[in-house]
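Asks: So the chains spell out like this:
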Amino acid sequence: MTRPTAKEVKAMADVAGLPVDTDVATRIANSIGPAFDAFAAIAGTLPFDLEPSTFAVVQAEKATQ
Amino acid sequence: MSSEPALMSLASVAKAIADRRVSSREATQSCLERIARWQPHLNAFMAIEAEDALKAADAMDAALAKGVRCGVLHGVPVAHKDMYYEAGKVVTCGSRIRRDFVATTTATALQRLKDAGTIRLGSLQMAEFAYGPTGHNSHYGPVHNPFALDRITGGSSSGSGSAVAARLTFAALGSDTGGSIRMPAHFCGVTGLKTTVGRVSRAGAMPLSQSLDTVGPLARTAEDCAILLGLMAGADPADPTAISGPLPDYAAATTGSVKGLTIGVPGAFYVDDLDAEVAGVLDATIAVFRREGANVVRVELPDQRQLSGASQLVLAVEAAAFHKRWMIERPQDYGPQVLMRLQNGLAIPGVAYLEALRWRGPALAAHLAAVAEVDAVIAPVSPVAAPTIAESDVGNSPEADKVLQRLTRFTRPINYLGLPSLAIPSGFTRAGLPVGMQLIGRSFDEATLLRIGAAFQRATDFHDRVPELK
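Top to bottom, those sequences are chains A and B.
First residue of the first sequence? That's 312 in our numbering, and the numbers climb one at a time after it.
First residue of the second sequence? That's 4 in our numbering, and the numbers climb one at a time after it.
Hints are not guaranteed to be accurate.
Said to hold, decoys possible - According to the in silico footprint, chain B covers these stretches of chain A (three or more CB under 8 Å from chain B):
#1 313–324
#2 330–340
#3 358–370
The set of hints was computed from the structure by calculation and includes no laboratory data.
For clarity, every value in this text was computed on a predicted model and none was experimentally measured.
We put the beta carbon where it would ideally sit given N, CA and C, even for glycine.
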């Protein structure tokens, strides 16, 4: 997963029904870019059967130990 | 007993009222006198309800005279962050959009504190929609730090931190999605408890991020936080994410010492890029724990930057989804910084958001494995003490992200993992600014954090320092 460009941000905002101008799209791309960079090593590596609810399962397991 | 009841802790004033050494009216009047003196300088309250508070206090005193005690906090006056719904009351959420919103239900956490006998002083300022870590609010003005009026309080529970520190309320509810309880606790020199996701019902609390939001108290001591958590925690039919099951006696936990406990100090990330005075307070805090009999060891945590990145992806999308209708219909009614941050969520693909949520379980398991040999991890809440209101008033400028990210660097990973964290006043800078440390625990193990925090507060007096109005 790579950080979105300003052009891609603009397209996604349009799809979301909240169009933004080029300056705002550039600002958003710069703002969220570091989060994408930080998560890049994880993105695309998760096992097939992993569901978001695993979080609650891990919480509960540890709480009962 | 202090001649000024407002200076007492929550636990002390509750006992004094129960023993009829102090009346609820005296406690309430004392808070109201301090509010009248401090509010023009702090801007900590959104609404002050003096007359209603005194009427409620009189009713509590009359009930007690007849032998009726509502609960352990009978007659104790408090105020909360203005995002907890109370039926019939205006709840602004720190926003222009909800300036006139009247709640029709009461938040479960708030109701449980009311059932225990608390009375309402008013409501407390906050960052707009709880989406800001500094304490600025473009609609209602910044909240000021009682220890230095030109400094920030931290946010988003800005009024809660400021009001508790100045002894205007005995305690206050805050909320913590990315650090919003711990940062005001750190910057204002009070104790703040971020609870485990699922520990306290969020029903009737304004949402920001359904995966990360937590309800918790800010108060003067760990013991006070323990009392409040004991009242609020547990299952709630109105919030299926609130976990059922037996609860520990949190107040009893605060009587324990740290002897035999092991506290972990991270070898990286939380000790990097610290202001020298914050680093000094961390070292001094560790020394206190050693002196009190704790075993202090180094821990190697998984990559915290990845957790922080995942946390931001989740928060941005969920916040944008909650706000989308108003972003379409009323964009002009948001403050510039809040609108800017909400727009970030528009640019994150659904797959990236879900990957961030799917990784949460393995990330928590990896963290718990890394801390298996320790009872808690200690870390600074923020790399710096409170900056000035002027220098952190970055609005939606290009440097805003850098400023905000630095302040929340040490809090966001914990929200992603859903862990409990107790922020405790741990020292002061040479300029007199408070510095707090956070104790990070295992899921649902708030009791151990409260035990460690209370032991630290028996050994130190940082939590007892009362700011003076100059």
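Asks: For each hint, tell me whether it holds in the structure or not.
Replies: Here is what the structure says about each hint:
1. 313–324: This one holds; 5 residues, not fewer than the three required, reach chain B with a Cβ under 8 Å.
2. 330–340: holds (count 6)
3. 358–370: With 10 residues in contact (Cβ-Cβ under 8 Å with chain B), the coverage given for the stretch 358–370 of chain A holds.
Checked against the numbered hints listed earlier, the structure breaks none of them; every hint is satisfied.
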